Amino acid sequence: MPATKLSKAAQDNASRVFDLDVSSLRELNQALHNLTPGSNETAWEVLNPKGNHSVAVGVDQPVSIDVRGSVGYYCGGMNSGGAITVHGSAGPGVGENMMSGSITVKGDASQYAGATGKGGLLVIEGNASSRCGISMKGIDIVVHGNIGHMSAFMAQSGNLVVLGDAGDALGDSIYEARLFVRGEVGSLGADCIAKEMRPEHLELLQGLLDRAGVTGVKPSEFKRYGSARTLYNFNIDNADAY
Amino acid sequence: MTYRNPPTTPRKSATFDDYTLSEIRRAAATGIYDIRGAGAKRKLPHFDDLLFLGASISRYPLEGYRERCDTSVVLGSRHAKKPIELKIPITIAGMSFGSLSGPAKEALGRGATLSGTSTTTGDGGMTEEERGHSKQLVYQYLPSRYGMNLRDLRRADAIEVVVGQGAKPGGGGMLLGQKISDRVAEMRTLPKGIDQRSASRHPDWTGPDDLEIKILELREITDWEKPIYVKVGGARPYYDTALAVKAGADVVVVDGMQGGTAATQEVFIENVGQPTLACIRPAVQALQDLGMHRKVQLIISGGIRNGADVAKALALGVDAVSIGTAALVALGDNDPRWEAEYNELGTTSGAYDDWHEGKDPAGITTQDPELMKRVDPVAAGRRLANYLKVMTLEAQTIARACGKNSLHNLEPEDLVALTIEAAAMAGVPLAGTNWIPGKNGF
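Heads up: the protein sequence lines correspond to chains C and D, in order.
Going by our numbering, 199 is the number at position 199 of the first sequence; the sequence numbering is gapless.
Going by our numbering, 14 is the number at position 14 of the second sequence; the sequence numbering is gapless.
None of these hints come from the bench; they were simulated from the model.
Being a predicted model, the structure only gives us computed values, none of them experimental.
Hints are not guaranteed to be accurate.
Here are the simulated DSS-like pairs of lysine-lysine, each with C-alpha atoms no more than 25 angstroms apart in a straight line [claimed, not checked]:
1. D:LYS192 to C:LYS195
2. C:LYS106 to C:LYS50
3. D:LYS81 to D:LYS246
4. D:LYS87 to D:LYS389
5. C:LYS50 to D:LYS246
6. D:LYS359 to D:LYS82
If you want the footprint, here are the derived chain D segments under chain C, 3+ residues with CB under 8 angstroms [unchecked claim]:
7. 191-202
8. 246-254
Have a look at the derived ranges for each label pair, beta carbon to beta carbon [unchecked claim]:
9. C:ASN233 to D:LYS246: 36 to 44 angstroms
10. C:ASN233 to D:ASN409: 33 to 41 angstroms
11. C:VAL217 to D:ARG151: 32 to 40 angstroms
12. C:ARG198 to D:LYS135: 29 to 37 angstroms
13. D:ARG151 to C:GLY126: 25 to 33 angstroms
By construction, the Cβ of each residue, glycine as well, lies at the ideal position given by its N, Cα and C atoms.
Put together the whole structure using the sequences plus the hints.
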């Protein structure tokens, strides 16, 4: 089992810089979990992540964490209140099951970005791969670039905003999540349809763009997609849809 | 006098029996497969096909009421800082709030806690009823992630990553609209009244290498405190167990095809997966081959009904068993006292399995406020505790008769099989012979 005691270097460093070449992942996450409400240690920096998995998972205090490099799987998993910035790219499942707070990925994100997220804001400044926002349950996701196939599969709630294109089978078996895509959609998945962009949606979208720091893009440039709700209750005549 | 040919007795087909014919008619009339709860109902090789040998000249027994026979078990000692310590090797399996009523979940927690064992959440998140009344609660980490949240993950005593279940290895969950009440809908972030079909695969990992990374994440989130179980349906128990161990599991749960479900297609329940008895030895063998037997604990479930089943499972090498259907029956499920109401639903007590419809006269598999009042959580919890006590006493009775001062000292050598099938599956000799089918080239 990894050590849980902080290394001396980590304890001595009042600015809370964690160099993962020196300290272990376990030390980093334990130190983050040891934070209590009202702590003054509100700014954290993680050096040399080098594709490590599970960087800054289970954060439950409103601190900022700057990760200087690319991360592996599940960075910021279950984040509850932290403001995490990945100054690089993120592996699969970045921000999975996020509860609140924010995660920004300066580069690209791999599969399942924001999977099952319950809340908070996930911003991918590059592209996101397949299954972005899969099973999302309240999270808001803004992708500056494109997203891959099967994104927003079984998406239940929340908003997915894509400034570029979406791959095939967007929103397959979608529930009540809202999808806004500015570019082309490869194809729509089962029960996902284009929907009218009403004033409240334009307003909502503008708010999301503002929160994600997107400028020079108008909500009117997007199309909205959502559930046709024809598969909500099983009907044998719909069996061909599956 | 006219000769009359002797009449032919009407003969029903064994292949097209009454049940099969009724199912064809039902399918033709409705155009949809049959959905039901519970596990496989067909006759399968099971623990009834095994017998204990007991003591004799070469083995001496322990005194039934005087000599101690330990029943405790520790789960999760491989990696977890806080393993689960149970007084009895019988746990309560995962069953969802949503499928079960709030009072039923509370009763399970109460009964388990009285008995010194754990209970388990299900595909619907953690409720206050069960957290509040369960001293040791296992929090399931399911493909749907309904209600999954950081706070509940941290207040769980163990985490069970659910890959599959015995009733439907490879299938997702199902909860029909009539059971999606306001509270259930809110916990699952779904519109009220829709048919909720949960995913069969996890959304953010695929395969054993990803699972290893996922387990690492869960450990990091919970600071390596909690045991992490991996639950699989009885599909490929040897490889699934080995891969779960490789991925870092503290505990492997293998659920055979008699294991229940809230709602799944009948064709799935009866035709996919292996009998519980057939799953045990391959799973134990995998642990032994890896040098991890008793280091990674094995829990088996699916059709455990009494202390003899518990003792037999333990003798075959498992560390603990889990009960679901039997626990519901102890709470009052399928009780003949509701026979008239079962009849109105077109069934009879003991056969009622339309748990997904939410009309359970016993008030257990329902979200109907009036029906669920029929479950008194305190009294039902007491019944479950009584039942667990009886099972434990029964298992101890057998263990002492075999000369064992701990249930975990029971061993395959204590068993024989009544049928060739059971002998082959359990890897014990056919009664009266020294023949283990499949061993020594025969």
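Hints, verified against the model:
no., hint, in the structure
1, D:LYS192 to C:LYS195, "holds (22 angstroms)"
2, C:LYS106 to C:LYS50, "holds (15 angstroms)"
3, D:LYS81 to D:LYS246, "holds (19 angstroms)"
4, D:LYS87 to D:LYS389, "holds (11 angstroms)"
5, C:LYS50 to D:LYS246, "holds (24 angstroms)"
6, D:LYS359 to D:LYS82, "violated (40 angstroms)"
7, 191-202, "holds (count 5)"
8, 246-254, "violated (count 0)"
9, C:ASN233 to D:LYS246: 36 to 44 angstroms, "holds (42 angstroms)"
10, C:ASN233 to D:ASN409: 33 to 41 angstroms, "violated (54 angstroms)"
11, C:VAL217 to D:ARG151: 32 to 40 angstroms, "holds (36 angstroms)"
12, C:ARG198 to D:LYS135: 29 to 37 angstroms, "violated (51 angstroms)"
13, D:ARG151 to C:GLY126: 25 to 33 angstroms, "holds (32 angstroms)"
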